[in-house]
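> Here is what each chain is made of, one letter per residue.
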Amino acid sequence: AQSVTQPDIHITVSEGASLELRCNYSYGATPYLFWYVQSPGQGLQLLLKYFSGDTLVQGIKGFEAEFKRSQSSFNLRKPSVHWSDAAEYFCAVAGEDTGGFKTIFGAGTRLFVKA
Amino acid sequence: NAGVTQTPKFQVLKTGQSMTLQCAQDMNHEYMSWYRQDPGMGLRLIHYSVGAGITDQGEVPNGYNVSRSTTEDFPLRLLSAAPSQTSVYFCASSYSYISGRDTQYFGPGTRLTVL
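Residue numbers (this note's numbering), protein chains in the order written: chain A, 1 to 115; chain B, 1 to 115.
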């Protein structure tokens, strides 16, 4: 069955430190992969997406993610975290075998940033 | 563009009552969807539509109905509300009917409590 696992329920990092949020997926076909961010009381906003090509993907707000097919992973990184990055982050997968119609979301990782 | 709008923002229902959550988009998007978000579970797809007159079920469709009579609107109906339907509901849309290949734009959400 298709699934997305985000192993860390919450992470705390210091402002200015680097960040890596983990995402593992289970998907039979070629996946389309996404990272979304949700600020408190808001809807979700797309950070970046991977469909094909270069496995290192650049997104908004200085985020990047790397697709590793052999590890079924799509981890999100940022070299220097800002206090405004505190939010909840969701990894998601969709793909051709469902006609791309259905997107499966992970349970989310809440990021706390300390001064 | 207003993007994706949802009404109401908050709603409290009694068990057994019915109601309709409204969703509208002004971006001429083909694909629209409804998700529910529960703590620790990420977003789960309820129903989706790939165009006017075409709808299909997602992961958790029971207790919900949808219709898509126009491109712009995609209302979600709760037929007989149950406490298990207490959740935050998000509507999303994307230009392509193949949502997996396109960015989904999310509304601000409706927080529903069923007593």
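Mixed in with the good hints there might be a few duds.
Pairwise CB distance ranges, derived in the manner of DEER restraints [as the list claims (entries may be wrong)]:
#1 T86/B / S39/A: 19 to 25 Å
#2 R110/A / P8/B: 25 to 31 Å
#3 I60/A / R111/B: 23 to 29 Å
#4 A52/B / G53/A: 21 to 27 Å
#5 T86/B / K68/A: 34 to 40 Å
#6 F51/A / P39/B: 28 to 34 Å
#7 R77/B / K68/A: 41 to 47 Å
Examples of chain B residues toward chain A, derived with CB under 10 Å [claimed, not checked]:
#8 S33
#9 M41
#10 G58
#11 E59
#12 G63
#13 P75
#14 L78
#15 T103
#16 Q104
#17 G107
Treat the hints as calculated values from the structure; they're not laboratory data.
The beta-carbon is built from N, C-alpha and C at its ideal position, and this holds for glycine as well.
> With reference to the structure, classify each hint as holding or not holding.
Hints and how they fare:
Roughly 22 Å separates the CB atoms of T86/B and S39/A, a value that falls within the hinted 19 to 25 Å. Roughly 26 Å separates the CB atoms of R110/A and P8/B, a value that falls within the hinted 25 to 31 Å. Range check, I60/A to R111/B: about 27 Å between beta-carbon atoms, so the 23 to 29 Å window is met. Look at A52/B against G53/A: about 33 Å separates their beta carbons, and that is not inside 21 to 27 Å.
Range check, T86/B to K68/A: Cβ separation about 38 Å, and the 34 to 40 Å hint holds. In this structure, F51/A and P39/B meet the distance hint of 28 to 34 Å, their C-beta atoms being roughly 31 Å apart. Between R77/B and K68/A, the C-beta spacing of about 42 Å keeps the proposed range 41 to 47 Å intact. With its C-beta approaching chain A no nearer than about 8 Å, S33/B sits inside the 10 Å limit, and its interface hint holds.
Restraint check, M41/B versus chain A: the minimum CB separation of about 6 Å is within 10 Å; hint holds. Nearest Cβ of chain A to the Cβ of G58/B: about 6 Å, under the 10 Å cut. The hint holds. For E59/B, the suggested interface contact is upheld, since its CB lies about 8 Å from the closest CB of chain A, less than 10 Å. For the restraint placing G63/B at the interface with chain A, the shortest Cβ-Cβ distance is roughly 19 Å, beyond the 10 Å limit, so the hint is violated.
About 18 Å separates the beta-carbon of P75/B from the nearest beta-carbon of chain A, more than 10 Å, and the hint is not met. The interface hint given for L78/B is violated, since its Cβ lies 20 Å from the closest Cβ of chain A, which is over the 10 Å cut-off. For T103/B, the suggested interface contact is upheld, since its CB lies about 5 Å from the closest CB of chain A, less than 10 Å. The beta carbon of Q104/B comes within 7 Å of a beta carbon in chain A, closer than 10 Å, and the hint placing it at the interface holds.
Below 10 Å, beta-carbon pairs count as interface contacts, and G107/B has one with chain A at about 6 Å; its hint therefore holds.
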